[in-house]
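Going line by line, the protein sequences match chains A and B.
With the working numbering, the residue at position 156 of the first sequence is 156, and numbering never jumps.
With the working numbering, the residue at position 173 of the second sequence is 653, and numbering never jumps.
Note that these hints are calculated values from the structure, not bench results.
Yeah, the Cβ is synthetic: ideal placement off N, Cα and C, and Gly gets one too.
Warning: the hint list may mix true and false statements.
Unchecked claim - Derived coverage of chain B by chain A (criterion: at least 3 residues anywhere in the stretch with Cβ under 8 Å from a Cβ of chain A; other residues may be distant): (1) 710 to 720; (2) 869 to 881.
Claimed, not checked - Sample of chain A residues with no beta-carbon within 10 Å of chain B, all distances over it, derived: (3) L28; (4) P80; (5) I241; (6) Q302; (7) H321; (8) M373; (9) G380; (10) A417.
Claimed, not checked - Derived DMTMM-like pairs (lysine to aspartate or glutamate); straight-line CA-CA distance at most 20 Å: (11) B:K785 with B:D805; (12) B:K785 with B:E865; (13) B:K726 with B:E873; (14) B:K483 with A:E271; (15) A:K351 with B:E865; (16) B:K515 with A:E271; (17) B:K927 with B:E852; (18) B:K483 with A:D306; (19) B:K557 with A:D50; (20) B:K611 with B:E852; (21) A:K309 with B:E852; (22) B:K636 with B:D674; (23) B:K557 with A:D51; (24) B:K784 with B:E852; (25) B:K784 with B:D805; (26) B:K719 with B:D663; (27) B:K611 with A:D143; (28) B:K510 with A:E271; (29) B:K611 with A:D51; (30) B:K611 with B:D517; (31) B:K751 with B:D777; (32) A:K309 with B:D517; (33) A:K108 with B:E873; (34) B:K519 with A:D212; (35) B:K483 with A:D395; (36) A:K108 with B:E852; (37) B:K483 with A:E384.
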Amino acid sequence: MSSTTNSPTHHTSTIGAIGAPSRRNTELALLVFAVVIPVFAYANVGLAIDDQVPAGLLSYGLGLGLLAGVAHLGVRKFAPYADPLLLPLATLLNGLGLVCIWRLDQSKLLQSLPNFVTAAPRQLLYTALGIALFVVVLIFLKDHRVLQRYTYISMFGALVLLILPLVPGLGANIYGAKIWIRVPGLGSLQPGEFAKIVLAVFFAGYLMVKRDALALASRRFMGLYLPRGRDLGPILVVWGISILILVFETDLGTSLLFFGMFVIMLYVATERTSWIVFGLLMSSAGAVGVASFEPHVKMRVQAWLDPMKEYTLSQQGVLGHSEQAMQALWAFGSGGTLGTGWGQGHSDLIKFAANSDFILATFGEELGLAGIMAILLVYGLIVERGVRTALAARDPFGKLLAIGLSGAFALQVFVVAGGVMGLIPLTGMTMPFMAYGGSSVLANWALIAILIRISDTARRPAPAPASNPDAEMTQVVRPS
Amino acid sequence: MNKPLRRIAIFCGLLVLTLLLRDNWLQYLKSDSLKEDPKNRRVTIARYATPRGDIIVDGNPITGSVESSKTGLNDLKYKRTYKNGAMWAPVTGYASQAFGATQLESIDDGILTGNDDRLFFRKTLDMITGKEQQGGNVVTTLNGAAQKAAFEGLKKQGGKGAVVALEPSTGKILALASYPSYDPSSFAGNSDDDAAAWKKLQKKYDPNDPMLNRALRETYPPGSTFKVVTAAAALENGKYTSADQKTDSPLPWVMPGTTTQLKNEGNIPCKDAPMRVALQYSCNTVFGKIGSDLGNDKMLEEAKKFGFDTEQFTPVRATASVFSDDMNQSQTALSSIGQYNTAATPLQMAMVASAVANDGKLMKPYMVDELESNLDPIAKTEPEELSRPLSAENAQILQDMMETVVEKGTGTNAKIDGVKVGGKTGTAQHGVENSENPYAWFISYVKQSDGSSPVAVAVVVEDESANRDDISGGGLAAPIAKNVMEAVINSRK
Numbered sequence: 001m002s003s004t005t006n007s008p009t010h011h012t013s014t015i016g017a018i019g020a021p022s023r024r025n026t027e028l029a030l031l032v033f034a035v036v037i038p039v040f041a042y043a044n045v046g047l048a049i050d051d052q053v054p055a056g057l058l059s060y061g062l063g064l065g066l067l068a069g070v071a072h073l074g075v076r077k078f079a080p081y082a083d084p085l086l087l088p089l090a091t092l093l094n095g096l097g098l099v100c101i102w103r104l105d106q107s108k109l110l111q112s113l114p115n116f117v118t119a120a121p122r123q124l125l126y127t128a129l130g131i132a133l134f135v136v137v138l139i140f141l142k143d144h145r146v147l148q149r150y151t152y153i154s155m156f157g158a159l160v161l162l163i164l165p166l167v168p169g170l171g172a173n174i175y176g177a178k179i180w181i182r183v184p185g186l187g188s189l190q191p192g193e194f195a196k197i198v199l200a201v202f203f204a205g206y207l208m209v210k211r212d213a214l215a216l217a218s219r220r221f222m223g224l225y226l227p228r229g230r231d232l233g234p235i236l237v238v239w240g241i242s243i244l245i246l247v248f249e250t251d252l253g254t255s256l257l258f259f260g261m262f263v264i265m266l267y268v269a270t271e272r273t274s275w276i277v278f279g280l281l282m283s284s285a286g287a288v289g290v291a292s293f294e295p296h297v298k299m300r301v302q303a304w305l306d307p308m309k310e311y312t313l314s315q316q317g318v319l320g321h322s323e324q325a326m327q328a329l330w331a332f333g334s335g336g337t338l339g340t341g342w343g344q345g346h347s348d349l350i351k352f353a354a355n356s357d358f359i360l361a362t363f364g365e366e367l368g369l370a371g372i373m374a375i376l377l378v379y380g381l382i383v384e385r386g387v388r389t390a391l392a393a394r395d396p397f398g399k400l401l402a403i404g405l406s407g408a409f410a411l412q413v414f415v416v417a418g419g420v421m422g423l424i425p426l427t428g429m430t431m432p433f434m435a436y437g438g439s440s441v442l443a444n445w446a447l448i449a450i451l452i453r454i455s456d457t458a459r460r461p462a463p464a465p466a467s468n469p470d471a472e473m474t475q476v477v478r479p480s
Numbered sequence: 481m482n483k484p485l486r487r488i489a490i491f492c493g494l495l496v497l498t499l500l501l502r503d504n505w506l507q508y509l510k511s512d513s514l515k516e517d518p519k520n521r522r523v524t525i526a527r528y529a530t531p532r533g534d535i536i537v538d539g540n541p542i543t544g545s546v547e548s549s550k551t552g553l554n555d556l557k558y559k560r561t562y563k564n565g566a567m568w569a570p571v572t573g574y575a576s577q578a579f580g581a582t583q584l585e586s587i588d589d590g591i592l593t594g595n596d597d598r599l600f601f602r603k604t605l606d607m608i609t610g611k612e613q614q615g616g617n618v619v620t621t622l623n624g625a626a627q628k629a630a631f632e633g634l635k636k637q638g639g640k641g642a643v644v645a646l647e648p649s650t651g652k653i654l655a656l657a658s659y660p661s662y663d664p665s666s667f668a669g670n671s672d673d674d675a676a677a678w679k680k681l682q683k684k685y686d687p688n689d690p691m692l693n694r695a696l697r698e699t700y701p702p703g704s705t706f707k708v709v710t711a712a713a714a715l716e717n718g719k720y721t722s723a724d725q726k727t728d729s730p731l732p733w734v735m736p737g738t739t740t741q742l743k744n745e746g747n748i749p750c751k752d753a754p755m756r757v758a759l760q761y762s763c764n765t766v767f768g769k770i771g772s773d774l775g776n777d778k779m780l781e782e783a784k785k786f787g788f789d790t791e792q793f794t795p796v797r798a799t800a801s802v803f804s805d806d807m808n809q810s811q812t813a814l815s816s817i818g819q820y821n822t823a824a825t826p827l828q829m830a831m832v833a834s835a836v837a838n839d840g841k842l843m844k845p846y847m848v849d850e851l852e853s854n855l856d857p858i859a860k861t862e863p864e865e866l867s868r869p870l871s872a873e874n875a876q877i878l879q880d881m882m883e884t885v886v887e888k889g890t891g892t893n894a895k896i897d898g899v900k901v902g903g904k905t906g907t908a909q910h911g912v913e914n915s916e917n918p919y920a921w922f923i924s925y926v927k928q929s930d931g932s933s934p935v936a937v938a939v940v941v942e943d944e945s946a947n948r949d950d951i952s953g954g955g956l957a958a959p960i961a962k963n964v965m966e967a968v969i970n971s972r973k
């Protein structure tokens, strides 16, 4: 890895990439683990619940192996220099998620709920579609800089995606948050998951052009560079949009995610700490403001502050209260350090959304503190590989896009895991790759595909300069 | 651009670190309190996941477990059953799928489910050998024959009441009966029938309050039985030094600071009567004056030595009995004959009799002899001295007096052939202006020829249907006490 590490003595992000190994075999070896671990987990669930190895073990193992193989071949062919960790990590999480969803499918309690569906086969299908999308992105997105051309179209697209759930007849209000749309024949979609990527493209393109103006034209005040009034425009607009999302779609998570992503990208583009300060001030002002008058958000905050009271109210049948938050805490606590083991917990007591928003609670109960720490570290690794990709990227657009996507991924993991563990109020978002849901799986595979594409471009050896007859007289200048 | 990128990398790392810290807090530090939260359904699921261990009396289980009906969504595999549930309810409490657990079923839940840490080895062994986890047993100190005599006696009487019998030398609880009672089997499941049975037993729907454990949780004015405590205070404080020493007891006696005469029941020889005679006839004036002369502090000190004003844990909690402080002389006089604020649980009065019978040594009452797993003992309760309300000599003087009460006083109904019985009757008034039926009390003990005392007992009967004149400790309560004592003696033969 030394070839990709920036030594502290020279402050350029260029990679001494000439002759860099492609690391495809490393990826393949890691992928074997990423497939074998979930297969063992699957067998474990079957043994715990029915005392026998589940009948679908072979087909599940082959299926997951095949999907991972296809993805690997895709990377090998179309992005040979890509980061070797991203694909195996995502495959591992996706595979474990599938096992957990299948495990919850076996719960009699969940089966008795009115809107129960056998989720595992569907999730396997979504995974297949996700991997297909992954490969398609790798094939057609030969160079991520192409996306730069679609900056303003992306803005428009993102706005459409965000507004869709509010369109009458199309949007669906599921348990208070209006972040779904219903597509006949396809089921529900969460356009917000895709908007995350499209918005990152827009922010990257926009900030790349405006970064100098935003960074330089400012006054210094109390150690902070205050931006000019007119440069405050974009951040105000994005802030306004996230507040609107919060108010109209009552979705704290998405709102926080978009605004956070924008602030991160703005900071990276301008290198001005003042943006972080502004961002924090504005998001807390927005969150506190909305939470104090919007009833749904307000309730979520109260449930967070006193989950026991919320539980008691829901047990008394008071409408609009949910036992989920407390049930999730009990699930985590009952898991303890090592967990009960696959299939032996009672996280199905969470009932609604046990396999989507709250899937982490099942991991917490059955795999314990040890399992959750491992899973969080896997997420952390994905994020840090994303950030490394941003560091390694040679063009500012690629840097901004990679940091935007990784930052959004990190924020999402934080908001969801923090919500389920009672660290922050609950939001209607799902754990990337693990939770049940087509939109989430598809969007996150696309996100990984884009990161892999950027890392491939970054790590690809520069064209050999020796073939140029002018080489000795021309100094090669690489963009930083 | 790389400097902010590195900072963002650190920021993302901090986000993950925050989650890791939170998770450690949740799953390590808070784990136990969440895991054992009674509202956590998993506690109930675990309680009924395997056949529950049993509560044992005389070597035989008085509880059982059956598989719950498999209908619907019942996530609880086993259901509790009780043999002769109503009789044993004050001991066992209940373990209900729908309504939780109380008393022994709750206190020793960990042993009974097998989840207690002390059963860890056994549990692990079962897991390795593939056997179903089996809970441990709770072996009680109770005596089946005595319990039966107590419960049947109360049942025959028909009114509300309670009986507690102790083994004076150890503090073992031999009988613990409360009437009317309830059958914990009737609501052990979680069906609609169980809910209906539960509802019917609530005080709201049944004014007799069958679920109240009268033996441990109800306090009654102890009436004349409290004179034993007053006599003990007189001896211990050296006011009188023998049973037959004349007391300074005018008749009629006007309570200090008042113009009210303290009355005796009927025309009995109480003027300057020695304590033996005063106890035999149950003279209010003699013992009222003793209490008044000794004063509130000394009386309180003696009552506390007998266990008043403290909750007892047997391990099932018993309400603290009351002897007040800050009383004036007339209030102290009334309190010293078991009226005014004085109130005692049946357990408390059994402790009084037991301390006298055990030559002044009060043993801590307990009902769990041993916790065992598969016949291997896990924990055994050792008898423990609680206090010494009387010196051995004074205890023998008091025994002598109490034996006179049974020999030729108010307690002749408790006489048993072949052994010496000491006792004291009580008829406690209650209600405004004594408008309600009084409580009939009897406390007693048996002394065998070798000087040992196998049993001390306290009986209280509150009988609203009985004729007022009929209510006296000797008439209603003494026969029950006699049967309980006989049952203990016979079971020891």
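- Task: Run the structure past the numbered hints and jot down the numbers of the failing ones, going up.
- Result: Of the numbered hints, 1, 2, 8, 9, 10, 15, 16, 17, 18, 21, 22, 24, 26, 27, 28, 30, 31, 33, 34 and 36 do not hold.
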